[in-house]
Amino acid sequence: MLTYYPGKTFLHRLDPTLKVLFAFTISTACFVFANIFVLLGILLFEFLLALSCGLWKWGLRSILGLLKLCALLFVIQILTYGDGDVLLRLYGDWVITFEGAEIGLILTLRITASALPLALMLRVTKPTALANSLYRYLHIPYKYAFAFGMAMRFIPIFAEEMAEIMEAQTARGVELDTRSFFKKIRLLMPLCVPLLLSSVRKIETATISAELRGFGLRKRK
Amino acid sequence: MPKNKQAALPPKMLPGEVLRFEDVRLSFGELKILQGVSFSVFAGEFVILLGENGAGKSTLLRLANGLLKPDIGAVAVCGHDTRQVKTSLIAKEVGFLFQNPDRQIFNKTIREEIEFGMKLHGIPTRPSYTEFRIPDFALDDDPFTLSRGERQRVALASVLACEPRLMLLDEPTVGLDDSEARQLMDAVKRRQRENNAAVLLITHDLELANAYADRKLLLERGRVADADILSWEDFSAQA
Ligand SMILES: Nc1ncnc2c1ncn2[C@@H]1O[C@H](COP(=O)(O)OP(=O)(O)O)[C@@H](O)[C@H]1O
Ligand SMILES: [Mg+2]
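From first to last, the protein sequence lines are chains A and B.
5 is the number of the first residue of the first sequence in my numbering; add one for each residue after it.
5 is the number of the first residue of the second sequence in my numbering; add one for each residue after it.
Hints were generated in silico from the structure; no laboratory data involved.
Take the hints with a grain of salt, since some may be wrong.
Here are the simulated DSS-like pairs of lysine-lysine, each with C-alpha atoms no more than 25 Å apart in a straight line [to be verified]:
| # | chain 1 | residue 1 | chain 2 | residue 2 |
| --- | --- | --- | --- | --- |
| 1 | B | K90 | A | K72 |
| 2 | A | K72 | A | K147 |
| 3 | B | K193 | B | K123 |
| 4 | B | K73 | A | K187 |
| 5 | B | K36 | A | K187 |
Estimated spans, in silico, between C-beta atoms of each pair [said to hold, decoys possible]:
| # | chain 1 | residue 1 | chain 2 | residue 2 | range |
| --- | --- | --- | --- | --- | --- |
| 6 | A | R183 | B | G58 | 29 to 35 Å |
| 7 | B | G126 | A | G96 | 38 to 44 Å |
| 8 | A | T7 | B | R186 | 35 to 41 Å |
Computed footprint of chain A on chain B; a stretch qualifies when at least three of its residues, placed anywhere within it, have a C-beta under 8 Å from a C-beta of chain A [what the hints assert, rightly or not]:
| # | stretch |
| --- | --- |
| 9 | 64 to 71 |
| 10 | 86 to 92 |
| 11 | 105 to 118 |
| 12 | 121 to 133 |
Because the structure is a prediction, the values reported are computed rather than measured.
Ideal Cβ placement from N, Cα and C applies to all residues, glycine included.
With the sequences and hints as input, model every part of the structure.
As structure tokens, this is what we get:
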């Protein structure tokens, strides 16, 4: 989902540092504006960006996925916000108000629209190029740039591993291919342990190989 | 995005047929992996699938239990059309062993790991599983302390213990030494004979294939062909 997608489009060729700044700017903008239509506009703009990288399918799927993830937040928001004109009266004291629905919608759109540019940035930037440029232009100490690059490199491994673990458990009969989102989350919980364990082992291996290649030697002397 | 718009007629299965690929095509983006694969596997058969690295063997296996759906064509397994029946349901009758046992193992003890599938499918558990060469005293150990070969054995035991009608095994002998590999193959063969089950197993090891297969298939250039007609020399020439 967040793996590097090779290509030669404008965004692919854009300097990694600019891309990071650009992505963070759009993300921040989502928290400045509290207007549904502005947020929808930003979301559309982001979709067009994804389209320009040949990633429209991914863009669409990500938007839908993020909206789905935010559905719970939306429900909590509209149920707990009691002020304003009543839109719908539920059981007893539970009401849904116009304001509650609006705030819930804004929250949902904000999270979706602010996550997408960062995800897109990761998809169109080589992880090593990202670490190098952070080091060179933003003068982030190499140690941290390296750690960041490492973290970025582990995201796709992590995602891939999770997908494989889910496949393996589905093939054993765990109903991870259910349509119900909540059921899936509940079934997934026990699987987080093996994922974490094997990832920690991998990170240890990476650390050892970095140290073997002399990483951090200068500091220690 | 489902590309398969073909009328969803469940493919008819012959008596004893447990797996059937019907003109299966599958691409990952531009990359065409399978380009019209047709073959069947019958109950009581031990079939070995050969093919070069990257030929699409693992992909084919994931199609066989519905983890992947064909772009075009149909896969029927134990009377189910994989387009219509969820993999988690197919799992009741079809065992699947991944190349990497660590994808599967997550329970705290070896016993829990072996009995995980049995409990899911309502199969009564037993006090001992020595037929998989797992000694009783080890059953309460943490599977993550085991060697890779031992973990492979535990993963396989959890598949075999469910007594599936069809076993799909992806390179189960990789990383094992000769005698370990043979012992693993023997365990599979024994279970297959006892239950008149079917096996579709991937390996690179020709010697092993010749020793255990009732029938060999070769996946090459997106198609599956009967490999029994090929001799040793043909294989070495291709390798
Ligand atoms: N989910 C996937 N997305 C894209 N490409 C894939 C995916 N899974 C496998 N491939 C590619 O398909 C080809 C065949 O893979 P695989 O079935 O694992 O081959 P084999 O098991 O014969 O070595 C490889 O080139 C692999 O990179
Ligand atoms: Mg493979």
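Point to revise | Coverage of the stretch 121 to 133 of chain B by chain A, judged on three or more residues with CB within 8 Å | key: holds (count 3)
- Query: Are there at least three residues in the stretch 86 to 92 of chain B whose beta carbon sits under 8 Å from a beta carbon of chain A?
  - Reply: Since 3 is at least three, the answer is holds.
Supplied distance hint 29 to 35 Å, evaluated on CB atoms of A:R183 and B:G58:
33 Å, holds
- Sort out whether A:K187 lies within 25 Å of B:K73, counting only the CA atoms. 23 Å, holds
Holds or violated: B:K90 and A:K72, Cα atoms, limit 25 Å. 22 Å, holds
Review point. Is the hinted pair B:K193 and B:K123 satisfied, with a Cα-Cα distance of at most 25 Å?
Key: 24 Å, holds
Quick one, are A:K72 and A:K147 close enough, alpha carbons at most 25 Å? 37 Å, violated
Q. Do the beta carbons of A:T7 and B:R186 sit within 35 to 41 Å of each other?
A. 39 Å, holds
Mind checking the alpha carbons of B:K36 and A:K187 for me, to see if they're no more than 25 Å apart?
34 Å, violated
task: State, for the Cβ atoms of B:G126 and A:G96, whether the hinted interval 38 to 44 Å holds or is violated.
output: Given about 42 Å between the Cβ atoms, the range holds.
Given that the stretch 105 to 118 of chain B was listed as covered by chain A, double-check it with a C-beta distance under 8 Å for 3 or more residues. With 5 residues close enough to chain A, the hint holds.
Count residues of the stretch 64 to 71 of chain B with a Cβ under 8 Å from any Cβ of chain A, then say if the count reaches three.
-> holds (count 3)
In the structure shown, a violation is registered for the earlier hints numbered 2, 5, in ascending order.
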